[in-house]
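Trainee: Sequence:
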Amino acid sequence: MDKELWLFDYRQAEAYEGFSKSEDINNLIQKYLKEEYDFSNKTILEIGAGSGKFTGFLSDRSKKVYAVEKIESLMLINKEKNKNKNNIEFILSDIKDVKLEKNSVDYVFAGWSLTSMRDIYDQVFANLYQILKPNGKIIIVENGGQDEFSKLLGIEEFTEQMKNEYKKMNFKEKVMLDTTIKFANKEVFYGAFPNYQETVLKKLNIKHKVIIMEKNIGGKE
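If you're matching positions, the sequence shown starts at 43 in the numbering used here and goes up one per residue.
No lab work stands behind these hints, which were simulated from the structure alone.
Please note: incorrect hints may appear among the correct ones.
Quick list of simulated restraints, FRET-style, between CB atoms [as the list claims (entries may be wrong)]:
| id | residue 1 | residue 2 | range |
| --- | --- | --- | --- |
| 1 | 127 | 69 | 46 to 52 Å |
| 2 | 115 | 146 | 40 to 46 Å |
| 3 | 123 | 158 | 32 to 38 Å |
| 4 | 177 | 227 | 16 to 22 Å |
| 5 | 128 | 242 | 45 to 51 Å |
| 6 | 73 | 227 | 23 to 29 Å |
| 7 | 165 | 243 | 17 to 23 Å |
| 8 | 203 | 128 | 40 to 46 Å |
Note that the structure is predicted; figures quoted are calculated from it, not measured.
Beta carbons: idealized from backbone N, C-alpha and C, even for Gly.
Start from the sequences and build out the full structure, keeping to the hints where you can.
Mentor: And the structure:
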């Protein structure tokens, strides 16, 4: 597995979910989003929804969530978590192929997912610009870099490159949060990152900087 292609195999749904539960144990990302954005009566397109780290949170605060995920095993976990919510529509698809009504979505939300789509950005953004309302926004949550997590995985340079790439695409930095990844045990780490078996995990609490960026579609290129 190529480290630069991405960090883990998303098809390993249970391993991915174990890592997802370890991220941001103090829910600083959700607290920030709750304070900064009013999603009430809004329609949100969540791309790369995964096993549902943010899906339920978004659905509790909005009118409608389209949760798009291309890995069925991840979507099944997400569906089970949110089985009692009636304002989520799950779409099993690559985001570039999703067909929604033009100008129908207020926000696109991507939690640690947009970077993994970088090889098809042209197609992804072309579709998002069609779906988003003229005053819509794209919100992304990504690795901030220069922290214990990026050093542990050797992605410092890559993370900086991606931050600069987003800025070139007119994404503006909203906040840099100092979060913590807390692994229940070492097996969670090695299960989630099968190509890092030789990496020495010295502790279970890892400092993790998370950047939240935003792009207003009114300023799209």
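Trainee: Take the hints in turn and mark each one as holding or not.
Mentor: Consistency of the hints with the structure:
1. For the pair residue 127 and residue 69, the beta carbons lie near 19 Å from each other, so the given range of 46 to 52 Å is not met.
2. Checking the proposed 40 to 46 Å range against residue 115 and residue 146 shows it is violated: the Cβ atoms sit about 28 Å from each other.
3. For residue 123 paired with residue 158, a C-beta distance near 21 Å fails the hint of 32 to 38 Å.
4. Take residue 177 and residue 227: their Cβ atoms lie about 46 Å apart, and the range 16 to 22 Å is violated.
5. Distance hint check for residue 128 and residue 242: the Cβ-Cβ separation is about 46 Å, which falls inside the suggested range of 45 to 51 Å.
6. Range check, residue 73 to residue 227: Cβ separation about 27 Å, and the 23 to 29 Å hint holds.
7. Checked against the hint of 17 to 23 Å, the C-beta distance between residue 165 and residue 243 comes to roughly 37 Å, which is inconsistent with it.
8. Evaluation of the 40 to 46 Å hint for residue 203 and residue 128 yields a pass: the beta carbon distance comes to about 41 Å.
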